[in-house]
Amino acid sequence: MASECFIIIKRRIIIGLSLTGCVSIFLISLFYQTVFSSDVLGNANSLKAYHSDAELSCNDCHTVENEVQNIPATDDCLECHGDMEAVAQLTADKDPNPHDSPHYGPYLDCDLCHHEHKISENYCGGCHEWVSSVP
Amino acid sequence: MKDSKQKQFSRRQFLKATGGATALAGVASAGFIMAIPQKSFAMPLPKKWDSEVDVLVIGSGFAGLAAGIEAAEAGAVTVIIDKMPVPGGNSIINGGLVSAAGSPKQDKEKINDSPDLMYKDMLKAGLGLNHQALARVVTEKSNEAVQWTIKHLGAQYKDRNLHLGGHSVPRSYYTTNSSGSGIVRPQLNKVKDLGIPLKLNCYLEQVYRDEDGRIKGVNVREGYKFLKEGSGQSISIKVRRGVVVAAGGFANDVIYRKIQDPKVDDKVQCTNHQGATAECLKELLRLHANPVQLSWIQLGPWSCPLEKGMGIGYIFAINAAFPYGIMVSPKTGKRFINELADRKIRADAIINTGEWAVGIADQEGVKRTAKIDKMLERGIVKKFDTIEALAKEYKINVAEYKKTIFQYNSFVKSGKDTEWGKPFQSDCKPITTPPFYGMYLWPKAHHTMGGAQINTKAQVIDLNQNVIPGLYAAGEITGGVHGAVRLGSVAITDCLVFGRIAGKQVAGEKPWA
Ligand SMILES: Cc1cc2nc3c(=O)[nH]c(=O)nc-3n(C[C@H](O)[C@H](O)[C@H](O)COP(=O)(O)OP(=O)(O)OC[C@H]3O[C@@H](n4cnc5c(N)ncnc54)[C@H](O)[C@@H]3O)c2cc1C
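Line by line, the protein sequences give chains G and Y. Heads up: the first sequence begins at 373 in this note's numbering, then just goes up one per residue. Heads up: the second sequence begins at 724 in this note's numbering, then just goes up one per residue.
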């Protein structure tokens, strides 16, 4: 019960403050990380090289439009990366093509494997032993 | 009947007069209506539901999607949920083999088959434990279900019928992409076309069965993260017509499966998706669904111990080594079972040899085996110029093994396997054409035959053999269709047939509110 209240309060605070920019998000995340060791916000100050090289800032992904809790969803990723079929084309030379599964096709959420603020993982690895390093 | 009502009555009176008040206060403060359930399955209903549907389907595999499609097409406001971040459960990673008795493909190949013959095959493998009426429905509607996937959903199949173990004739359709996704993805497209919401990361926590015995709604966790207990937000959904539980089997629930069959412990590998766990079955049991034959857990005899999960090696076993080749035990160099016997017979036989078996086929045998290059590349299947080289790699007793092949080839030529009784397909040839292919075989946990009892309308049956109003189940979570042993390719048929029945039936339920 109590923890549910916190989630709601936390969500309101975050949505309210996101407009005032990254600094407050960072501070709040720091606060919640210490208090609740939240992995929703994770290590919010680190960016993967390919995103920092592209000079992205926090609000490029964490926008007011994000459907849930300012967390970017697959659609937000696709704003820059094109549609899923196009993403699959980018790795068409790989076998197996990590973006075009025989089971799910290209229609899997990006964050099943790719994480921005923590180490990425290989979702296929749950059932298959072939490993591919996930950026 | 009257008696038990009286008992309830007096219990209620008793509660009123005694400690009931304290309990009432507790319930009221949690925001529920002021009634204390008397039946152990009953839960106080939420005062206010967060949302409302006609039909709620749990699980997005063959069975759940078939149910959702039928319910929505019959006009019911339907929602499908799945706890995983991906749709399709075991179905979308499945091998894509589905049996149909009396199909147009069989007509074309002049194969004489009938629902009755399929029924006999199922009962033979099932050791007669099959619930006969259910097995009848599956066989009688098998062809209709497969044709539905083609005509209504646009699924595509290869030209030939496959002859799988335990079936007396070739009767298995095989999806063009060699995967269950060849059926699930067309199902998902249909779900999308029909505008049925499919909510992933949505975990069924609890089903509300009211004091009057009827199912009234559910609690789910939205935004659930797989394996993170308590993640996401708890939401109540009022379900006006009924709930279809199509949450699949529990072969990947090591604790629960080991209780049912201690031999299938944590040392046994598993072919299933990670979400094949027992919580929905346990919830059904809490609602007083009758459990059927939970300890019949099937091991797949065609799996390769050198790869994780189902992998791809099974494709070599079922397409080449078993129908067109042989399986030997390295120590003896001999065959030890009919390679096309049912799964239980073969899996037990392999385990009884005490060592990994070796499946063998020649170039003729692998002609129709998809992905052979991939298996070779990953070292799962190995290729040799001579049978001696193959024997050396797998440390097979060469002298005996040569005799085995010589004898087997004479069986093929005569058309009769007088040693193990394997039925030969018409295009079966002696093992003589190099190169030769080999693969290790060791069984893995694959399918849970047991589950909740249903009737031929897919209604869940309670401990006293009464229907639980508003509760339906279909697919691997149910028990009885397959008895002790499920034949290959009959699971899809079962899921499609009973999923469709459940969807049609639930849509016709009278709404309780
Ligand atoms: C690798 C493999 C290959 C196979 N090949 C074949 C084959 O070729 N032919 C054949 O006939 N059979 C085959 N089978 C068996 C067959 O695939 C399964 O029996 C069938 O897919 C079961 O379908 P289902 O709809 O009952 O369940 P599933 O497809 O498993 O779907 C159940 C869904 O319910 C969800 N769920 C579970 N619990 C909850 C919860 N608490 N809340 C919300 N959602 C929940 C799961 O996440 C899952 O997505 C194979 C099985 C495997 C594992």
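It is possible that part of the hints are untrue.
Selected chain G positions facing chain Y (in silico; Cβ < 10 Å) [as the list claims (entries may be wrong)]:
#1 Cys-452
#2 Ala-460
#3 Thr-463
#4 Ala-464
#5 Asp-467
#6 Tyr-476
#7 Gly-477
#8 Tyr-479
#9 Leu-480
#10 Asp-481
#11 Asp-483
#12 Leu-484
#13 Gly-497
#14 Cys-499
#15 Glu-501
#16 Ser-504
These are computed hints drawn from the structure, not numbers from a lab. This one's a predicted model, so the numbers in the text were calculated from it and none came from an experiment. From the three backbone atoms N, C-alpha and C, an ideal C-beta is built for every residue, glycine too.
Hints versus structure:
no.: 1; hint: Cys-452; result: violated (22 Å)
no.: 2; hint: Ala-460; result: violated (14 Å)
no.: 3; hint: Thr-463; result: violated (17 Å)
no.: 4; hint: Ala-464; result: violated (17 Å)
no.: 5; hint: Asp-467; result: holds (8 Å)
no.: 6; hint: Tyr-476; result: holds (6 Å)
no.: 7; hint: Gly-477; result: holds (7 Å)
no.: 8; hint: Tyr-479; result: holds (9 Å)
no.: 9; hint: Leu-480; result: holds (6 Å)
no.: 10; hint: Asp-481; result: holds (6 Å)
no.: 11; hint: Asp-483; result: holds (8 Å)
no.: 12; hint: Leu-484; result: holds (6 Å)
no.: 13; hint: Gly-497; result: holds (8 Å)
no.: 14; hint: Cys-499; result: holds (4 Å)
no.: 15; hint: Glu-501; result: holds (5 Å)
no.: 16; hint: Ser-504; result: violated (14 Å)
Comparing the model with each earlier hint shows violations of hints 1, 2, 3, 4, 16; every other hint is respected.
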